[in-house]
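**Student:** From first to last, the protein sequence lines are chains A and B.
Sequential numbering from 1 applies to the first sequence in our numbering.
Sequential numbering from 1001 applies to the second sequence in our numbering.
If you're looking for bench data, these hints aren't it; they were derived computationally from the structure.
Fair warning: this is a prediction, and the values are worked out from it, not measured in the lab.
One or more of the hints may lead you astray.
Stated by the list, open to error - Some chain A residues close to chain B (C-beta under 8 Å, calculated; not the full set):
| # | residue |
| --- | --- |
| 1 | R71 |
| 2 | R174 |
| 3 | G204 |
| 4 | A210 |
Beta carbons: idealized from backbone N, C-alpha and C, even for Gly.
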Amino acid sequence: MIRFRHILLALLLLATTTLGARAQSGGLWLGVRAGHNVVFGGFSALHVRAIQRFADNLAVDAGVQYNTIGRTAVEARPSYSLEFAWGRVSAEALLAFANQTSINTLSAGVGAGLSTRWVGAKVGCYYRMFGGQGGQIVEPLNLYYEFSANLLPRREEWKLQLLATNCEMFEIERHYQPTFIVECHHNPNSALGISFGLGCKPAGMFNLSADYYQSFAKMEVSYRW
Amino acid sequence: MVRRLFPIVLCLLGCGCSQLDIKGFVMPTGDGVQLRFEQSVAMNEGLKAATVEAEENYLFYAAADPHIYHTQNNVGLFNDAFRNDGGASFGVILGDCTDVRNNLPNYLRALAFDPQRHTYDHKIFHILGNHDVYFNGWVDFKRLIGPSVYWFEVAFPEGKDLFISLDTATGTLGRDQTEWFRSFLASNRSNYRHCFILTHMNLFYTDGSQRTSGNMPIEETFALVDFLGRQRVTLVLQGHDHHREELSYGGVEYRVLGAIADKADDPEYLKVNVSPQGVELEWQYITQ
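Taking the hints into account, I'd like the entire structure generated from these sequences.
**Tutor:** Rendered as structure tokens:
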């Protein structure tokens, strides 16, 4: 537990330093989610994220989440992206710490993404190590992914997306455990943004014996500078 | 393109192929874990939990993933060894008893006591696996075998050991099973010397052997593993992965048994020697 606290403090310090650096633009996101899980019952989660751009191509997305199932997660994803007329390609690194009950996890990985007017895909791989209770286990190289489809042509004001992902921020799952989300974003002006989403996470899909596991609603408001 | 693919997808979802229940990828093809648990509780109601009489040191046999389809050679060999071993007290089969529905009678026949060939009519306990629920196979399982969630004890003169069968066939314990398991184990653990958990789905993901086949969601795994450690569970026996795995975590021993199926590369089973000090495991390969 002491080690986890040290890591958490180090990451927050890093994030603060990063945010204080010579940044070009950025934003702050505040999000909540509430839902039902078959194991934990009703749950809710609160997160804060900061995205800071340091150049036209470089950005860091970092934040912290507390979930009432007893999990605290801290995550940072630095990314490099290139814009083209037809869309955007990006590369990112992933670094995440989480603590749930007596178990601490550390995940680290890299991924690449492609985003066009109508569809997007991000694929990467990561290692996860978890420990506590006097034991430690390293999972083998794991796949993470996010596939999205825009139901409206991408515009600055409105966006409606369908997503299948196992790498939501703070919720990194194994490759056979996707979450399905329908999400709507609205930016009333250049500084403010709001998004609302409904999600569902089944269990046992890849065993061909799917069962209900979790559903949730989430909302996020953002302020950009 | 979409017009061509749509009927194919519909056919796959509607029928599946003869072995893989494709529809199960998106929805339960029979009762979900919540209903299976409720039915198991109803089946257990009014019945006394099974008790196996044994000595302080005893032996039981375990095998996983027979996947009975056309043949049942390895399960037959396991059964012969088990039912001719006077030192054994009982056996457990850790799920995926059949590869696909309608093979449960063959599975039970392969594990039956045959007085012509066998000396001991030991009891066998069965655990539900994901293949056992394909094409709504739960209907057969509950009719021919019984509940998927239950417990039994091994009684010896100085005390007793607890065995709990959990239903993880659809990737989660679900709400009521989780509550029951937590409450039952927390309130009864102190009455027993050792505690054994029997489940089909393996909890950890430590190698690439599973490919796409899954475990439980990560947060459920962590909650369960934490609880098992706190309750000083002795041994968790699992199947599903088809590859042996030996792990210790949080003071609990976790073992995944390789498949005993005829199509398995190295079919195996496990002999578990239980004593006051703990357990000793003897892995046995099946040779034709």
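**Student:** Against the structure, test the hints numbered earlier, and report the numbers of the ones violated in rising order.
**Tutor:** Per hint list: zero violations.
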